[in-house]
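As given, the protein sequences belong to chains P and Y, one line each in that order. Read in order, the letters of the first sequence correspond to residues 1 to 165 in my numbering. Read in order, the letters of the second sequence correspond to residues 1 to 474 in my numbering.
Hint data in this document are derived by calculation from the structure and do not stem from the laboratory. Since the structure is predicted, the reported quantities are computational estimates derived from the model, not experimental observations. One or more hints might be untrue.
Claimed, not checked - Below, simulated BS3-like cross-link-like pairs (lysine-lysine); rule was C-alpha separation at most 30 Å, straight line:
id, chain 1, residue 1, chain 2, residue 2
1, Y, 162, P, 81
2, P, 81, P, 148
3, Y, 162, Y, 279
4, Y, 242, P, 81
5, Y, 135, Y, 241
6, P, 69, Y, 467
7, Y, 448, P, 119
8, P, 148, Y, 467
9, P, 29, Y, 448
10, P, 45, Y, 162
11, P, 113, P, 81
12, P, 139, Y, 448
13, P, 81, Y, 387
14, Y, 387, P, 69
15, Y, 196, Y, 339
16, P, 119, P, 139
17, Y, 117, Y, 128
18, P, 139, Y, 467
19, Y, 387, P, 119
20, P, 69, P, 139
Residues per chain, in single letters:
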Amino acid sequence: MLRSTIFTASRSLFAKPSTVVAARFYHPKVIDHYERPRNVGSLNKSDPFVGTGLVGAPACGDVMKLQIKVDEATGKIVDVKFKTFGCGSAIASSSYMTERVRGMTLEDAGAIKNTEVAKELCLPPVKLHCSMLAEDAIKSAINDYKRKRAAATGTATGATASASA
Amino acid sequence: MSFARLIQGPARMLRSARPSPSITPRFILSPAATAFHTTAKRLQATETQVLITPSTESLGFEVTGIKDAGNTRPIYMDMQATSPTDPRVLDAMLPYMTELYGNPHSRTHSYGWETEKGVDKAREDIAKLIGADSKEIVFTSGATESNNLSIKGVARFYKGKKNHIITTQTEHKCVLDSCRVLSDEGFDVTYLPVGKNGLISMDDLKAAVRPDTALVSVMAVNNEIGVIQPLEEIGAFCRSKKIFFHTDAAQAIGKIPIDVNKMNIDLLSISGHKIYGPKGVGALYVRRRPRVRLLPLMTGGGQERGLRSGTVAAPLVVGLGEACRIAAEEMTYDHERVKRLSERLIKGITSQVSHVYRNGDEVQSYPGCVNLSFAYVEGESLLMALKDIALSSGSACTSASLEPSYVLRALGAEDDMAHSSIRFGIGRFTTEEEIDFVISRVVAHVDKLREMSPLWEMVQEGIDISKIEWAQHA
Numbered sequence: 001m002l003r004s005t006i007f008t009a010s011r012s013l014f015a016k017p018s019t020v021v022a023a024r025f026y027h028p029k030v031i032d033h034y035e036r037p038r039n040v041g042s043l044n045k046s047d048p049f050v051g052t053g054l055v056g057a058p059a060c061g062d063v064m065k066l067q068i069k070v071d072e073a074t075g076k077i078v079d080v081k082f083k084t085f086g087c088g089s090a091i092a093s094s095s096y097m098t099e100r101v102r103g104m105t106l107e108d109a110g111a112i113k114n115t116e117v118a119k120e121l122c123l124p125p126v127k128l129h130c131s132m133l134a135e136d137a138i139k140s141a142i143n144d145y146k147r148k149r150a151a152a153t154g155t156a157t158g159a160t161a162s163a164s165a
Numbered sequence: 001m002s003f004a005r006l007i008q009g010p011a012r013m014l015r016s017a018r019p020s021p022s023i024t025p026r027f028i029l030s031p032a033a034t035a036f037h038t039t040a041k042r043l044q045a046t047e048t049q050v051l052i053t054p055s056t057e058s059l060g061f062e063v064t065g066i067k068d069a070g071n072t073r074p075i076y077m078d079m080q081a082t083s084p085t086d087p088r089v090l091d092a093m094l095p096y097m098t099e100l101y102g103n104p105h106s107r108t109h110s111y112g113w114e115t116e117k118g119v120d121k122a123r124e125d126i127a128k129l130i131g132a133d134s135k136e137i138v139f140t141s142g143a144t145e146s147n148n149l150s151i152k153g154v155a156r157f158y159k160g161k162k163n164h165i166i167t168t169q170t171e172h173k174c175v176l177d178s179c180r181v182l183s184d185e186g187f188d189v190t191y192l193p194v195g196k197n198g199l200i201s202m203d204d205l206k207a208a209v210r211p212d213t214a215l216v217s218v219m220a221v222n223n224e225i226g227v228i229q230p231l232e233e234i235g236a237f238c239r240s241k242k243i244f245f246h247t248d249a250a251q252a253i254g255k256i257p258i259d260v261n262k263m264n265i266d267l268l269s270i271s272g273h274k275i276y277g278p279k280g281v282g283a284l285y286v287r288r289r290p291r292v293r294l295l296p297l298m299t300g301g302g303q304e305r306g307l308r309s310g311t312v313a314a315p316l317v318v319g320l321g322e323a324c325r326i327a328a329e330e331m332t333y334d335h336e337r338v339k340r341l342s343e344r345l346i347k348g349i350t351s352q353v354s355h356v357y358r359n360g361d362e363v364q365s366y367p368g369c370v371n372l373s374f375a376y377v378e379g380e381s382l383l384m385a386l387k388d389i390a391l392s393s394g395s396a397c398t399s400a401s402l403e404p405s406y407v408l409r410a411l412g413a414e415d416d417m418a419h420s421s422i423r424f425g426i427g428r429f430t431t432e433e434e435i436d437f438v439i440s441r442v443v444a445h446v447d448k449l450r451e452m453s454p455l456w457e458m459v460q461e462g463i464d465i466s467k468i469e470w471a472q473h474a
């Protein structure tokens, strides 16, 4: 009896709360996106309705590839995938961006600002460039899509849209 | 009954228990050890060995292992940043933190004498480890101070006659920064380049020497990539040119054999906490014949041959001495063990993951420092994934910045490879189980992150990444 009392009493001494160590440096939202990234993968590059944006550079430690599939009739993004080489914040930024733009029109998606991404993920100042990269990636994907459509249809309107973009 | 001994026992058990989290650490106390525990003493009547877990109240202190007690902290694999304190070191230090509180410089009473005896013993143990005379050891606050004192001290003493210093591009920040300060003061500094393997070339050194060169400072073991510079050759050359040779041996002593006379080293920096000793203490070896003259950074009571005024931190110094004594005794064994674990780690990872590159020379290096680049995976994201393991992508001093390591850049590594590096530090208390755990985690996460990497995808498609014109993001 005595012995079991000692056991119970002492066990609590070692039962420390299991804390998430990385949490000290990354916001839980970043960790969530990093550990369960949304929409990882690739779409067929040669699909005429797929726009691909590839931004960043390996030398800078960040490369983001974001692809959108657009429904031509509605002008809305029906599918979106990403792949990212970069830190946790870069992966989280692109993951968040794919979630955000799904179902959006190209105009709305192109209007998303990096500040929104940074605010949502609570990025610290040193990681702001990750959110800028996500903004660049979606814009680049939209431009690629417009360029493809313009080339495919060969219309003057398409050409102007691509040139002005 | 020594407190630290008690801690050591369970710590050993814990080490073997890792990484399975279900095992609750328990103590098997011998009848003698249970005597101070009244409850246990009563149980002793029926059982000769009592299996209990002592409580904080019964011991008077909380018991944690060398590394961890509750399996809630990551595996420690950052031995170049710092190392866990050896329990034997703590044992040696405790009397000096309690009853032996005398000022080691007090000459008029026994309190001073008894502490001085401990300090002198430590001085001898340190000197023995590097083949020096105990009179040549100066205690400092750490290797940073030792490096500052040697470089600034020599340069400023010989200023006017000699105005040139030679060092390397891969030195520790404290050496580079001391040199920067000196160049602001009007000294010329040559930063020797290193080859792809991280080693300097003797031809470069010979070409850099000038008639007014006062000092050559080349580190023994690099803190990021573990390469061992050709100390003996550098020493012999410097001696022939009558130039002082300083080496930052913070990562080297106790790990590889160092002999200041055989290697013609004139100044050598030592750190306590890299060799399982306490933090906040270090030492500097200053050669007496031929005499090296230094201008002190600290002035005051003239302690430590006038080179470092201020009361010697006796408990820390005793700890450093004990750490050196143990290191001298166990160096061969430790090195053998660390080498075996290191080979196990490298083989385990490279046999399961492709495109992994080891940074630094594979032969001329200390096996306890393994720096690997995982191509197409960004280092910081890999560190984040390996949250069960305490690792670093390079030196702890710069781990807050986003810049890739200047050491890897100096090796001529591509920027993207410098962004993909992780340093694994293996030490005296690392176990085989821990290495296996690290291997399994690294393999799993590198695969996962590569699946997520656009660069990996391109390589699989046969696209040459180096040929792509990347839009540089501001």
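Check: Can you name, in rising order, the numbers of the hints this structure does not satisfy?
Finding: 1, 3, 4, 10 and 14
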